[in-house]
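Q: I would like the entire structure built from these sequences, with the hints used as guidance.
Chains G and A are the protein sequences, given in the same order.
Under UniProt numbering, the first sequence is numbered contiguously, ending at residue 271.
Under UniProt numbering, the second sequence is numbered contiguously, ending at residue 271.
Please note: incorrect hints may appear among the correct ones.
Stated by the list, open to error - Dumping the calculated BS3-like pairs for lysine-lysine here, alpha-carbon to alpha-carbon at most 25 Å:
1) G:K195 x G:K181
2) A:K236 x A:K6
3) G:K59 x A:K195
4) A:K176 x G:K268
5) A:K268 x G:K192
Source of the hints: derived by calculation from the structure; they are not laboratory data.
Number of protein chains: 2
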Amino acid sequence: MSELEKQYRVKAGARLKLADYDPADKSQTANDKAARNAQVAALAPQLDALQDLLYAEGKRKVLVVLQGMDTSGKDGTIRKVFQNVDPLGVRVQAFKAPTETELAHDYLWRIHQVVPRNGELVIFNRSHYEDVLVTRVKGWIDQAETERRIGHINDFERLLSETGTTIIKFFLHISKDEQRKRLQERIDNADKNWKFNPGDLEDRKLWDAFQAQYESVIAATSSVAAPWYIIPADSKSSRNQLILEILINRLSALGMQYPQVDTRDWPKTVE
Amino acid sequence: MSELEKQYRVKAGARLKLADYDPADKSQTANDKAARNAQVAALAPQLDALQDLLYAEGKRKVLVVLQGMDTSGKDGTIRKVFQNVDPLGVRVQAFKAPTETELAHDYLWRIHQVVPRNGELVIFNRSHYEDVLVTRVKGWIDQAETERRIGHINDFERLLSETGTTIIKFFLHISKDEQRKRLQERIDNADKNWKFNPGDLEDRKLWDAFQAQYESVIAATSSVAAPWYIIPADSKSSRNQLILEILINRLSALGMQYPQVDTRDWPKTVE
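A: This is the structure:
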């Protein structure tokens with residue numbers, strides 16, 4: 001495992017204090033923004049090449065989970081980190097409020113339907129983790145139910161992992177002050193008005209409760225098979241670079257190969 | 001409608017002769033490959049901007065259908081034409097041989113499930129048209145059933161169109177000799193072996209029957225609401241440029257707008 005991965009990966013079973021992670025940390029990325037963006041531009045084609053290999057090989061699945069507070073940069077990450085990948089083998093899955101049919105099933109039912117197939121890389125833009133985050137913070141479920149669900153989620157991710165899915169979970173970690181700036185920008189800048197949801201201000205009032213819940217959920221669900229990475233996300237370019245580096249490390253480590261084909265019965269010449 | 005669109009669009013109700021369309025035609029694109037690729041690089045961000053607007057607006061749906069003989073460049077088109085779009089609002093839908101459950105329903109059942117939602121651009125890599133193409137050429141359905149299905153497909157596309165979907169259908173038109181070269185390349189070049197399917201040679205023997213069936217199906221299903229474009233596809237760069245130009249023209253014509261938001265009740269300052 002690279003130093004960078006070690007630094008941001010949450011150890012399975014370890015206690016987690018989000019306060020130990022600086023949202024503005026740039027210790028592993030270049031000092032100036034232009035240099036970081038140049039790194040991102042250099043890394044994006046590497047991720048593209050690995051995704052191409054994943055698709056061609058067609059034998060494994062990759063699931064990337066993005067979680068974070070409002071404005072933490074989930075959409076921006078999808079746009080910038082995955083800017084070079086081939087739409088052919090990549091799917092983004094967003095989860096909105098569940099429908100009536102979805103609510104009539106267990107909460108992992110709709111998630112299971114959209115996990116990656118062989119050769120596919122799927123990005124969850126929010127995920128099943130909402131079912132132990134917002135639900136608990138708003139008091140829709142109690143602590144006992146939360147703990148049962150954490151058990152289900154660990155079991156579910158073990159199933160996916162043991163059936164060929166590489167799971168990589170990112171928490172985009174921003175400071176409360178950075179969120180304030182980003183929300184203010186959505187109010188002040190007419191071009192960004194459409195991104196603003198007044199309900200985000202209600203969630204902002206619950207900032208501390210959300211942070212505490214993220215802390216306990218991440219600690220309880222970071223496993224060797226499905227680790228969480230805490231990504232400092234106050235700087236967008238640094239966030240993009242770190243996520244790219246981690247994805248490239250993890251995918252490179254899979255030892256993927258272009259398919260070997262038995263060509264012995266093929267014709268030499270096409271008529 | 002632009003001249004370029006007029007030239008490649010199949011008029012609703014008109015008789016179609018594929019032989020009238022030269023697969024090597026470059027009358028609307030630059031003479032040399034480098035210039036065409038430069039055009040593609042210049043156009044791709046324009047498509048990206050339109051797709052961003054489609055997603056932000058969230059009110060309409062876009063369906064792009066790609067059909068063509070083996071090696072006609074469906075995968076390559078997805079990779080190059082959509083190289084700049086945001087994975088957030090774009091989905092590629094491939095259709096393999098139907099599953100048992102799918103076969104237990106009507107043939108449009110699985111198609112309907114994956115049409116675009118509001119704000120989404122979906123690319124069908126092959127489509128419901130296979131159900132009147134390969135099925136007919138191989139004799140799995142008779143002519144009467146083919147005609148019934150063409151009726152269903154026109155009805156289905158009218159439903160999608162009248163409920164907010166822009167449908168743009170491309171036939172990637174290659175010559176039989178170009179297909180020979182591309183198949184030969186997949187045999188000769190070890191890196192491309194994994195793309196070769198010996199079954200493609202069987203379909204190649206049915207080249208004329210496929211062309212005739214494409215001709216009659218395209219003529220019968222090119223409507224004002226859901227037109228077909230015959231794209232000369234022997235040159236990959238020319239193909240990419242033409243598809244980009246048509247997509248940009250069609251999406252620009254929709255008159256999409258970033259959402260207007262009522263900000264009167266918003267706070268001025270985020271706490």
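Q: Against the earlier hints, flag every one the structure doesn't satisfy and list their numbers going up.
A: none
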